[in-house]
Amino acid sequence: MSSSPDLNIDHIAKLARLALTPEEKAKFAQQLGDVLHHIEQLKKVDVSHVEPTAHAAPVFNVWADDVARPGLPVERALQNAPTQREHMVVVPKVVE
Amino acid sequence: MSSDLIFQPIAQLAVALDAKKISSVELTRAVIARTRAVDTRVRAFNSFDEADALAQAAASDARRAAGQARGPLDGIPIGLKDVIAVDGQPLTASSKMLANFVSPYDATVTTKLKNAGAVLWGRLNLDEFAMGSSTENSANGPTSNPWDLTRVPGGSSGGSAAALAAGEAIATLGSDTGGSIRQPAAFCGVVGLKPTYGLVSRYGLIAFASSLDQIGPFARTVEDAAIVLGAIAGHDERDSTSFKTDIPDYRAELAARRGPWKLGIPKEYFGEGLDPEIGAAVEQAIAFYKKQGCEIREVSLPHTRYCLDTYYVIATAEASSNLARYDGIRYGHRSKHATDIVDLYFQSRAEGFGAEVKRRIILGTYVLSSGYYDAYYLRAQKVRTLIRQDFLNAFREVDALLTPTSPMPAFKIGEKADPLALYLCDIYTIGVNLAGLPGISVPCGFTQSGLPIGAQIIGQPFQESSLLAIARAYEQAHEWNTRHPIL
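Protein chains in written order, with this note's numbering: chain A, 1 to 96; chain B, 1 to 487.
Here chain A stands alone, though its shape is the one from the complex (with noise of 0.2 angstroms):
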């Protein structure tokens, strides 16, 4: 129906290090307005003595021993890089 007042989609956008067109920026910040506005009927609900969860698996603190073990070679890592030389992925140059 409506755009979210709060919802900034030009500083949401560069949070998400995502390009959108004016198209888009249109088109989103109407859509999701929709969808958040559905998403405040959760301030219905009285969380006030309830716990978060953050997944529903009855595991916690999970370690690793502490052992080198053969990983992927070199080749195979870099294999889907779009530019790389010498086993280094190439970027733009970041420092004039």
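It should be emphasised that the hints constitute simulated quantities derived from the structure, not laboratory data. On a predicted model such as this, the values are computed, not experimentally measured, just so you know. Where is the CB? At the ideal position from N, CA and C, for every residue including glycine. Some hints could be false.
As the list claims (entries may be wrong) - Cβ-to-Cβ under 7 angstroms is the rule here; a few derived chain A residues that face chain B:
hint, residue
1, L15
2, A16
3, I39
What the hints assert, rightly or not - Here are the computed lysine-lysine pairs in the PhoX-like style, where the Cα-Cα straight-line distance is at most 20 angstroms:
hint, chain 1, residue 1, chain 2, residue 2
4, B, K416, A, K27
5, B, K244, B, K262
6, B, K336, A, K93
Unchecked claim - Just so you have them, the derived chain A footprint on chain B, three or more residues with Cβ under 8 angstroms:
hint, region
7, 13-23
8, 111-122
9, 162-173
10, 294-308
11, 360-366
12, 370-380
13, 423-437
Dock chain B against the given chain A, drawing on the hints supplied.
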């Protein structure tokens, strides 16, 4: 002969393979021929590798000839959703972001299926990064429902469900974050099982929402689902959320567990919005169990109405975090139009992701952002506790819950253009993910227009044996799974 083969369950094919009545190469050829014949219309596959599949099949036949067959899956063609890594094969998540990605290693479930001798067959279509309920959000275009090609197969594991229903695989694997195995299973008239969170390793599964994702099988029968589950379940030190528990022989347990069971009917799952034909079919299933001597008890899951909102906060928050890794640097799509390194992140992500993925990243980033975290994310995690508690309370009274899988049958491609309308498809399945429970969808009838209907059975944590036995009891007394779509 070959059209008979492709619709036989694993349990039957394994006997024929062991008796040398058929070979794995023959079976694999039949599956390949069927895929060639129908997949231009169904479009369940992103890609497949015929030579690789036939080589695996030949290796299986050689093992069997040497008396070294590895069990019922040896030589059986099994398709994998294109979010599960297979060494040397494409892994795209149906996204432009990973269009050229080739897996450098196997997922744990892949290793386990290989160890069981399965013939890994093809990469199956999905909603991009498993975000959707219709398989329309795919960079490769939508998959069609084999029962009506103008309709969706459900999603996000739509390719896995459609390929099985169309006879293009003997079983498949999918992943389920909010219903992505069970809902497409219902839409396509096959069995789909989402295991308890932690039962099956997620190592090598492309992450969507890590606290909800779980890999599970699609199969023609409950017994087949038990066979595949037995092969893929088990603790894995490479997935720190996987659970250390003994894996029973699920197939043997099917014969050992005969009920009667106490079944709960959650009243919140039969309200407004439920298609009357689906309601009637599930009522028939309830009547069946009652006739078998099961105690049927109405139960309440009072926080059901909050499941959808809780899910869309938690799942998008986790997704925005998980998908931060796609930045155009180490792998995946890299923009050629960036001005500097930071712009490279912005442009690569803008070019690589589709609309639904962008929407969810924005929503997830928003609910985690400074000033909104407590109001949305933390609150949703607390409501999640209440939702899980609802289920655990119900399980003090009953062994399992019986519900519809989806409020509606398969809808038309393009029918649900509004994201919120599409999100509402998942209302009966997402509670199970939030609570970490196992759930199965079994075929329980057809609408008058010939579309499959699924019933969902929800079990207690790590009680897959009971869940499968309850589902099997219904399946054995019905013949819904003997019908196949005409293509």
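Hint-by-hint comparison with the structure:
Against a cut-off of 7 angstroms between C-beta atoms, the interface hint on L15/A holds, since the closest Cβ of chain B lies about 5 angstroms away. With its C-beta approaching chain B no nearer than about 4 angstroms, A16/A sits inside the 7 angstroms limit, and its interface hint holds. Contact between I39/A and chain B, as hinted, is supported at the beta carbon level, the nearest pair being about 5 angstroms apart and thus within 7 angstroms. As the CA atoms of K416/B and K27/A are separated by approximately 16 angstroms, the hinted pair is consistent with the 20 angstroms bound.
Straight-line distance between C-alpha atoms of K244/B and K262/B comes to about 28 angstroms, which puts the hinted pair past the 20 angstroms bound. A hinted pair counts as satisfied when its Cα atoms are at most 20 angstroms apart, and K336/B with K93/A qualifies at roughly 14 angstroms. Taking a C-beta to C-beta cut-off of 8 angstroms, the region 13-23 of chain B contributes 0 residues in contact with chain A, too few for the three needed, and the coverage statement is violated. Here the region 111-122 of chain B counts 0 residues with a CB under 8 angstroms from a CB of chain A, which misses the bar of 3, and the coverage is violated.
Counting residues of the region 162-173 of chain B whose C-beta sits closer than 8 angstroms to any C-beta of chain A gives 0, which falls short of three, so the coverage hint is violated. Counting residues of the region 294-308 of chain B whose beta-carbon sits less than 8 angstroms from any beta-carbon of chain A gives 4, enough to reach three: the coverage restraint holds. Residues of the region 360-366 of chain B with a Cβ under 8 angstroms from some Cβ of chain A number 5, which satisfies the need for three, so the listed coverage holds. Beta-carbon proximity to chain A at under 8 angstroms applies to 6 residues in the region 370-380 of chain B; the threshold of 3 is reached and the given coverage holds.
Coverage of the region 423-437 of chain B by chain A holds in this model, with 5 residues showing a Cβ closer than 8 angstroms to a Cβ of that chain against a need of three.
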